Amino acid sequence: MGEPLKPRDMQSLLTHDRRYQRAAAVLNDQWQLIIADEDLPYRQQITADDLQFAQALLRSQTLTSRWDFESYAGVQQICQHFGSQLSPAAQRWLVRPYL
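Using the working numbering, the first residue of the sequence shown is number 69, and each one after it goes up by one.
Hints are not guaranteed to be accurate.
[Said to hold, decoys possible] Have a look at the derived ranges for each label pair, beta carbon to beta carbon:
| # | residue 1 | residue 2 | range |
| --- | --- | --- | --- |
| 1 | M78 | Y166 | 26 to 34 Å |
| 2 | T132 | L101 | 26 to 34 Å |
| 3 | Y140 | Q120 | 25 to 33 Å |
| 4 | L167 | D107 | 30 to 38 Å |
| 5 | G142 | I103 | 19 to 27 Å |
| 6 | Q89 | H149 | 16 to 24 Å |
| 7 | Q148 | Y110 | 21 to 29 Å |
| 8 | L167 | A104 | 29 to 37 Å |
| 9 | E71 | Y110 | 28 to 36 Å |
| 10 | M69 | Y110 | 17 to 25 Å |
| 11 | M69 | G151 | 13 to 21 Å |
| 12 | D105 | L82 | 27 to 35 Å |
| 13 | N96 | E71 | 26 to 34 Å |
| 14 | Q144 | P75 | 13 to 21 Å |
Hint data in this document are derived by calculation from the structure and do not stem from the laboratory.
Keep in mind that this is a model prediction, so the values were computed, not measured.
In this text, a Cβ means the ideal position worked out from N, Cα and C, and glycines have one as well.
Throw the hints in and build the complete structure from the sequences for me.
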């Protein structure tokens with residue numbers, strides 16, 4: 069069994085709010101759908117919060133994904149795949165354990 073979700077994360081999961089939709093889009097490699105719905109340019113980038121919630125969903129075994137947040141190679145694959153769609157803060161958050 070996976071790690072339990074925090075209350076805020078559980079609420080987002082149950083309501084499938086925008087926060088959940090963004091995290092799920094990262095995990096399912098469907099970020100283009102998010103970009104199409106966002107009017108503000110800064111909201112079109114993947115944020116550290118999106119990645120943190122996506123990782124929590126993986127750890128809770130609520131969703132699955134081909135992305136591996138737990139290894140350096142997996143993090144590099146995420147960085148290469150999403151490239152400039154990752155905000156600078158998201159890029160820093162991804163590589164923080166390896167610095």
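Verdict for L167, D107 (Cβ pair) under range 30 to 38 Å: Holds: the Cβ-Cβ distance is about 34 Å, inside 30 to 38 Å.
Confirm or reject the claim that Q148 and Y110 have a C-beta distance inside 21 to 29 Å. Between Q148 and Y110, where Cβ atoms are some 22 Å apart, the hint holds.
Whether the CB-CB distance between M69 and Y110 falls inside 17 to 25 Å: The hinted range 17 to 25 Å is violated for M69 and Y110, with Cβ atoms some 37 Å apart.
Evaluate the given range 16 to 24 Å for the C-beta pair formed by Q89 and H149. holds, 19 Å
Can you let me know if the beta-carbon spacing of L167 and A104 is within 29 to 37 Å? This hint holds: roughly 34 Å between Cβ atoms.
Does the hinted range 26 to 34 Å hold for N96 and E71 at CB? Because 20 Å falls outside the window, the suggested range is violated.
Do the beta carbons of M78 and Y166 sit within 26 to 34 Å of each other? The hinted range 26 to 34 Å holds for M78 and Y166, with Cβ atoms some 30 Å apart.
E71 versus Y110 beta-carbon gap, inside 28 to 36 Å or not: holds, 30 Å
Distance restraint evaluation - D105, L82, Cβ atoms, bounds 27 to 35 Å: With Cβ atoms ~21 Å apart, the hint is violated.
Satisfaction of the hinted span 13 to 21 Å by the C-beta atoms belonging to Q144 and P75: violated, 33 Å
Is the gap between the beta carbons of T132 and L101 within 26 to 34 Å? At 18 Å between Cβs, range violated.
Look at the Cβ atoms of M69 and G151 and judge whether their distance stays inside 13 to 21 Å. violated, 35 Å
The structure fails hints 2, 3, 10, 11, 12, 13, 14 (numbered hints given earlier, in ascending order).
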